[in-house]
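Asks: All chains should be modelled from the sequences, with the hints used to inform the complete structure.
Under full-length UniProt numbering, think of the first position of the sequence shown as 1, with each following residue one higher.
Hints are not guaranteed to be accurate.
[Claimed, not checked] Simulated pairs of lysine-lysine, DSSO-like, Cα-Cα distance not exceeding 27 Å:
hint	residue 1	residue 2
1	K44	K56
2	K56	K72
3	K56	K109
4	K218	K256
5	K44	K72
6	K44	K79
7	K145	K44
Treat the hints as calculated values from the structure; they're not laboratory data.
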Amino acid sequence: MDTPGVVPYQVGRKLRAPKSFLTGPHRSLMEAEFVVVVVDASDKRQRHQLDVEVLKTLARYSHVPAILLLNKVDAIRHKHVLLEITESILESTHSWMVEEGRRREQRMKMSPELRNESGAKADVYCGPTREQGALPAAAVESFGKVFMSSALTGDGVQDLRDYLLSCTRPGCWEYSATEHSDQTQMALVEDIVREKLFLHLHREIPYVLTQGNVVWEKEGDTQIIYQNLTCRSSNQASIVIGPGGRTVQAITAEAKTDIEALLGCPVDLTLNVRSQK
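Replies: Here is the structure:
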């Protein structure tokens with residue numbers, strides 16, 4: 001399951017994100033058998049420690065085995081920096097977990113309902129013991145292994161795949177081989193357009209603009225698609241359009257290519273950018 005990431009409730013409200021955007025990661029972990037925490041190694045501001053919301057989520061589902069993945073390592077010129085980043089994440093995660101354990105103990109002393117049915121204190125971290133391997137002791141409570149990869153160059157990707165495959169267990173397919181998706185074609189097309197919006201736009205704009213399908217009809221062999229992209233302000237709309245319309249043109253062209261591959265027919269795609277104000 002690929003979730004959009006853990007988003008704090010306050011941030012979600014500010015962005016007016018749908019409820020599923022906020023609860024998706026947590027609901028996914030209720031069913032997941034394995035967790036991969038991905039860190040952008042090129043992000044100098046946030047790469048040295050995990051976000052508090054991620055830490056809370058790991059603590060809540062500590063029984064689910066997890067590994068740490070540093071991605072975009074191709075952007076790091078000096079490889080010793082990767083070791084420093086890894087050590088910083090592991091140490092800060094361990095420190096936070098220890099403090100959270102102490103806070104949990106204090107809450108249990110004050111709240112009898114936090115004890116289990118037998119009257120004994122519930123385990124703060126009841127996850128399975130993980131092999132230390134070559135990792136520092138601080139990693140044991142949270143991550144079984146650390147991987148480094150570059151999705152751009154493919155470096156380290158095969159090692160990650162091999163490890164994940166080794167962790168899988170035989171089971172029945174949940175869907176038949178002929179079932180490609182439980183989403184409609186229109187929903188899949190909307191997802192493709194939204195993906196391009198995230199690739200070309202930054203900060204809060206992809207989250208706050210409203211995407212609406214206006215026309216979905218077939219003319220001969222060509223699928224006609226007309227969508228409105230409604231922004232909160234004219235300033236946001238001008239950013240989406242871009243200088244000389246180049247940004248929205250690039251979004252449209254890339255989305256059109258992927259949609260044609262999805263539908264297997266020529267596509268006439270129009271993205272109309274407008275503002276609420």
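Asks: For every hint, state whether the structure bears it out.
Replies: Status of each hint after checking the structure:
1. Restraint check: the Cα-Cα separation between K44 and K56 comes to about 22 Å, which is no more than 27 Å; the hinted pair holds.
2. Distance check on the hinted pair: K56 and K72 sit about 25 Å apart at the alpha-carbon level, within 27 Å; holds.
3. Between K56 and K109 the alpha-carbon distance is near 20 Å, which keeps this suggested pair within the 27 Å criterion.
4. Only pairs whose Cα atoms come within 27 Å are accepted, and K218 paired with K256 is accepted, the gap being roughly 15 Å.
5. This hinted pair checks out: K44 and K72 have alpha carbons roughly 12 Å apart, not beyond 27 Å.
6. Proximity of K44 to K79 is assessed by CA-CA distance (about 14 Å); at most 27 Å being required, the pair is judged to hold.
7. Taking the CA atoms of K145 and K44, the gap is near 22 Å; set against the 27 Å cutoff, the hint holds.
Hint check: no violations occur; every hint is consistent with the structure.
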